[in-house]
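Colleague: Spelled out, the chains give:
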Amino acid sequence: MLVALLLLYTSEIYSQKKIIVFQTDFGVKDGAVSAMKGVAMGVAADLKIFDLTHEIPAYNIWEASYRLQQTAQYWPTGTVFVSVVDPGVGSERKSVVLKTKSGHYFVGPDNGQFTLVSQSLGIAEIHEIDEAVNRRKNSGASYTFHGRDVYAYTGARLAAGIITLEKVGPRLPAKVVAIDFQKPVVENGTVKGNIPILDIQYGNVWTNIDGETFKKLGLQYGDILQVEIFNADQKIYECNMPYETTFSGVETGKPLCYLNSLLNVSFALNRGNFSEKNKVFSGPDWSVIIKKGTN
Amino acid sequence: MLVALLLLYTSEIYSQKKIIVFQTDFGVKDGAVSAMKGVAMGVAADLKIFDLTHEIPAYNIWEASYRLQQTAQYWPTGTVFVSVVDPGVGSERKSVVLKTKSGHYFVGPDNGQFTLVSQSLGIAEIHEIDEAVNRRKNSGASYTFHGRDVYAYTGARLAAGIITLEKVGPRLPAKVVAIDFQKPVVENGTVKGNIPILDIQYGNVWTNIDGETFKKLGLQYGDILQVEIFNADQKIYECNMPYETTFSGVETGKPLCYLNSLLNVSFALNRGNFSEKNKVFSGPDWSVIIKKGTN
Amino acid sequence: MLVALLLLYTSEIYSQKKIIVFQTDFGVKDGAVSAMKGVAMGVAADLKIFDLTHEIPAYNIWEASYRLQQTAQYWPTGTVFVSVVDPGVGSERKSVVLKTKSGHYFVGPDNGQFTLVSQSLGIAEIHEIDEAVNRRKNSGASYTFHGRDVYAYTGARLAAGIITLEKVGPRLPAKVVAIDFQKPVVENGTVKGNIPILDIQYGNVWTNIDGETFKKLGLQYGDILQVEIFNADQKIYECNMPYETTFSGVETGKPLCYLNSLLNVSFALNRGNFSEKNKVFSGPDWSVIIKKGTN
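Residue numbers (the working numbering), protein chains in the order written: chain A, -6 to 288; chain B, -6 to 288; chain C, -6 to 288.
For the record, the hints were derived by calculation from the structure and aren't laboratory data. This one's a predicted model, so the numbers in the text were calculated from it and none came from an experiment. Hints may contain errors.
Copies of the same chain are indistinguishable here, so a pair counts whether it falls within one copy or spans any two.
With a Cα cut of at most 20 Å, we get these calculated PhoX-like pairs of lysine-lysine [stated by the list, open to error]:
1) K10 to K41
2) K176 to K208
3) K87 to K160
4) K11 to K41
When you get a sec, could you build the whole thing from the sequences and use the hints?
Modeller: This is the structure:
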């Protein structure tokens, strides 16, 4: 019995981390997010429940994809992300669990949300959720809240170790619904990219140009860059600015180019709002051209 | 000793779930919510603390009541809800703990907040909080933050199993302060109800007409309904729309009638904002008449 | 072995509470806060993670200082606060851990954020964070997100008991960078103070006049006060109002003076918004003069 006791105890110590992270476009003014967490705690009260954000703009699948990409790599292996930006709830989109090669799990509708993590973290396996077994009991009369009835429930069971990935449902081919997006291009000492998203709290502008691509320009910190920003064919902004490690490399209010916390090329004003001041925003119509400038 | 150890261990496994859920109208821009959680963690560091919402509009007791109703049923038995929408703090309203027949606990001022859960979940017992024993030590000089000094403290002690319901204070008659609200009426193939609340993030309109009442119209999914919406005596909206299981049953931008996640009759535009487009809002002056329409 | 087992078990019971509380000016619309929490969970999955607020106005170090002060005292001894309002990220400001005499820990840039807690709770020790050892592995290429790479990582290691305060880095003199602020003054039956902050959700006006100072006017609850409020040299507001324990001491819409939840002198309208109605706001230009009035 002593041994059994010890095993019981050590198994607790060495068990899964039981972390589940929620992302939605629900906002937090009503009870929807709380209902999802209640379902998860009903599944297993030792889960550790966190939020990514619930402020994804309504129906914005691209931003949902970006936020998962921005965050997942910083969470421990085994973490289960439940992401519910689901404009097509009740329609034919598939409900899935994606396991990435990094060992993270992503639960939700396969509608483009998993575009970026499937590329950056790699697809290990995808399973379709079998709602005959992986759906909250007695929830069949509700057709509009899969976040609560299917995704929170299934994500919680997976995070708690009640089911394995195999028990989620049938395995699918290793391919997600992907949103098209442009990759950065380097030609003749010029790099072209676009602006998938803003660092909205501060008004910094984040491009899709990764640090590895940017290196091909052969820059040093302190070099001056010539930056042009376009909305469709119209040039909105043009300026020379230095390439700095951090904001305080320039005077207050002055522009700089830097690698953001995801190591993508970005523009900011030191202690100012680049986006607002220069009317530069994000989305598929926004593009950027950068080359080495002169002092 | 071994047995004692085993008991200790198993008692941990089988003990209460120790879940406490906070709701307020404080917002999250200052430290008030965090102070309440700090008090709870000071009571027992193994509590599991969650938020329902802190974005109840200031002093809106009705909405507080609705959000508890929307959420409580999805949380495990034994969960303690601390709800502090308390415009009368320091006045004569009673501070209570309500235990419902479902086994959930509700802590806060008895000012109408518990109107809906007391009806839907049933009243098991109500106790008045005896502040002589159930108040944070040395907090007597503050009269305006019972959320921190009385409700968080008492809710945490109850959730942690430090006190039983009996130790909260004297038992009261099984009756809460209730806000008057209209119930839906079915007459001659017409159902009349009102609009207690919006699904604010998406602009969907939620009525007080429950699915059971709605069934009396003898409808099938796909049937066309004639919907009229009034603000006091003025007709604001009139349209025929289908009764669908989910948003994608109609084209983008078109209206539909559906049962929401609480199984109440609701109106939406597929991927649009019904409330904003049609200037339909919620509150006691808003009413709805629905009957079977023609295709 | 039994003894070892028992020790293991009791050591768990008596170990640190492992509480970490985050405050930032990041907002919660993107993934930055979640990335910090992911790093903390990667350090130790048994940490208990909470938020103070992430809605500090961008770069507002004073408000960050105020919110720590408003909250810390209500959290258990040993709680680790990670506060990242860091306009000078990457510049010469020091990264520190402050331990107060109350036994709380504060992690972040020493840029004025710790002005108020260092005075009210007292400085026990300050250590500079040695980034050679206390920085997330492989994070050296990012210069702009110390919140994630240094502060969350170090705070989590401290809260989890993986490092002691000594292992943070070299001990510094017991002095923080402090923001200048006026203290209240009592002269000839008049108290003068200022308005460091609003109770923003309700529009109540909170002064820097503490209850002890206020007592020197020799007031009783129910006494009438003459209140004048200035913006620089311009008088914005003047009114007589009673000194009450709580809002409901006056009729709906009427002004009152009361001690707020931090026991500082404050002004409110019962169920109304004093700030908005009277155009009274907060900041270094706002001052207040109070004396005993006549009924």
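Colleague: With 20 Å as the alpha-carbon cut-off, assign the pair K10 and K41 to within, between, both or neither.
Modeller: Classified as both: same-chain Cα gap 8 Å, cross-chain 13 Å, threshold 20 Å.
Colleague: I want to check one pair: K87 and K160. Are their C-alpha atoms no more than 20 Å apart within a copy, between two copies, both, or neither?
Modeller: Classified as within: same-chain Cα gap 16 Å, cross-chain 50 Å, threshold 20 Å.
Colleague: If the cut is 20 Å between Cα atoms, do K11 and K41 qualify within a copy, between copies, both or neither?
Modeller: both (6 Å within a copy, 13 Å between copies)
Colleague: Cα distance capped at 20 Å. Does K176 pair with K208 within a copy, between copies, both, or neither?
Modeller: Within one copy only: 15 Å inside a chain, 53 Å across chains, cut-off 20 Å.
Comparing the model with each earlier hint shows no violations; every hint is respected.
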